[in-house]
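Number of protein chains: 2
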Amino acid sequence: MDLRALLRVSGGERTDLGGHDARATPGGQGDKAAGLAETARTGERLAGLQERLWAASTAGDRRRVLLVLQGMDTSGKGGTVKHVIGLLNPSGCRIHAFKAPTKKERAHEFLWRIRRNLPLPGELGIFDRSHYEDVLVARVRELAPRAEIEERYGAINAFERELADDGVTLVKCFLHLSHEEQRDRLLKRLDDPDKHWKFSTGDIDDRALWPAYQEAYEIALARCSTGPAPWYVIPADRKWYRNWAISRLLLETLEELDPRYPPGDFDVARARERLLKS
Amino acid sequence: MDLRALLRVSGGERTDLGGHDARATPGGQGDKAAGLAETARTGERLAGLQERLWAASTAGDRRRVLLVLQGMDTSGKGGTVKHVIGLLNPSGCRIHAFKAPTKKERAHEFLWRIRRNLPLPGELGIFDRSHYEDVLVARVRELAPRAEIEERYGAINAFERELADDGVTLVKCFLHLSHEEQRDRLLKRLDDPDKHWKFSTGDIDDRALWPAYQEAYEIALARCSTGPAPWYVIPADRKWYRNWAISRLLLETLEELDPRYPPGDFDVARARERLLKS
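The listed protein sequences derive, respectively, from chains A and B.
Everything in the first sequence is counted per UniProt numbering, starting at 1 for the first residue and increasing by one.
Everything in the second sequence is counted per UniProt numbering, starting at 1 for the first residue and increasing by one.
Don't read these hints as lab results, they were simulated from the structure.
Since no wrong hints were added, every one of them can be taken at face value.
Here are the simulated DSSO-like cross-link-like pairs (lysine-lysine), alpha carbons at most 30 Å apart as the crow flies: (1) B/K82 with A/K99; (2) A/K82 with B/K82; (3) B/K32 with A/K82; (4) B/K82 with A/K32; (5) A/K82 with B/K198; (6) B/K277 with A/K198; (7) B/K99 with A/K82.
So that you can see chain A by itself, here it is in the shape it has in the complex:
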């Protein structure tokens, strides 16, 4: 199966998110139990490939992977990090959660803070939100002039091509949540006092802007789904499917990269002899 082909956004001027069912499980073979089991198995294969990627970097291979997670509140960006990235060796993962830009960050162009948090060769980078916020919330909340926002799509495509040329394979995932499922998840947070710290009444304000956010996503996904840096739409109402799909996309990506353990640069027999005497 080629899940990347199945979930990839084809590009163009605007993606029709209404035509994507957030509860669907495209490519998923079976039910929740089967999905959880396969995600666990995929995790083991991912961890092996991750080690090879890191090992290759010690011999000069500059390749790395950057997983970009975008989606509305409660769509599962944090859950993906916990349950998918949690299957890997944390020492090879460079995770950054982008918040509203600080005063210092706002003093620079919008990609400045992104460049400072890129994965190094051999690493798996994970962005929980990203430079796409600058064409999403910035568009919806009018945080910059419209003309400037229009220019950013091209700037992003140029930036991501530059990354690809430098060995970065981008895996950009939009966690597609339904309006109803978001309400259920927010209500569950209210029901549990231990989850109140995750809740902000601003989350309810944002729900009123849901159509504007969907429109902003539809434009960004279409304009910025490019050959070197495609977008994938991940139906996210079912957490097990979301985790399965993202782990699977990472697996297909790493298998294609096919990183190899580098050979040693020493005389093995001589090293063994010295060791046995030591």
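Since chain A is already given, all that's left is putting chain B on it; use the hints.
Frame of chain A, contents of chain B only:
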């Protein structure tokens, strides 16, 4: 059980590592199978406490934990990150592996690069090697004048007290490996071509300096095991015990910190009402 009390270095001028059996399992209840099972269970409790620590930080709690891992080559620093830290949510972990200092780092005082990689409030920081290299390899290989090295112990203690005053709980672990076990582990690396990338003939050169390294550790552990920042000696010949002991030290540490989910700062009934209408 108080494993911290059992493994803590008492301080003084020099620790007798010869009196510590690297194959021992102090405090460990049972065999390898039991140890592995208990480490897995401890991981779940750690993940829960880690979430609380992070949640508390969102309400202004500045506390965090810094795990420092030191030990000879193959003693299991990387393995600890993989198998113990791998049980946690990677988004709350800030891991840094310190290599030989770069030219830029050498242009600053030795704690400069340490300060730049500290965990933020709510995080668990993990140092794979640390500022202790500046009194270990620096002492053995005479990378700085002896008088300067002698001054560093006091500088480290002052620095760590400053960290403690700022909410950082230090858990400093020396992975105590036997000379024989290191040879076995290095030989295993030679036997497996997929592990040759981890091998350096410099590792054999360092074995010739084993007594000097043990002495440097004995001095550092004793002089820098302080009230706010104790050292623990972890027998490391048995990997399952090493993982069990470090997970247990983290558990005791986090349970004592007892971080709490902060209460919400909003009207729950009103929020529910608004959500149901949205």
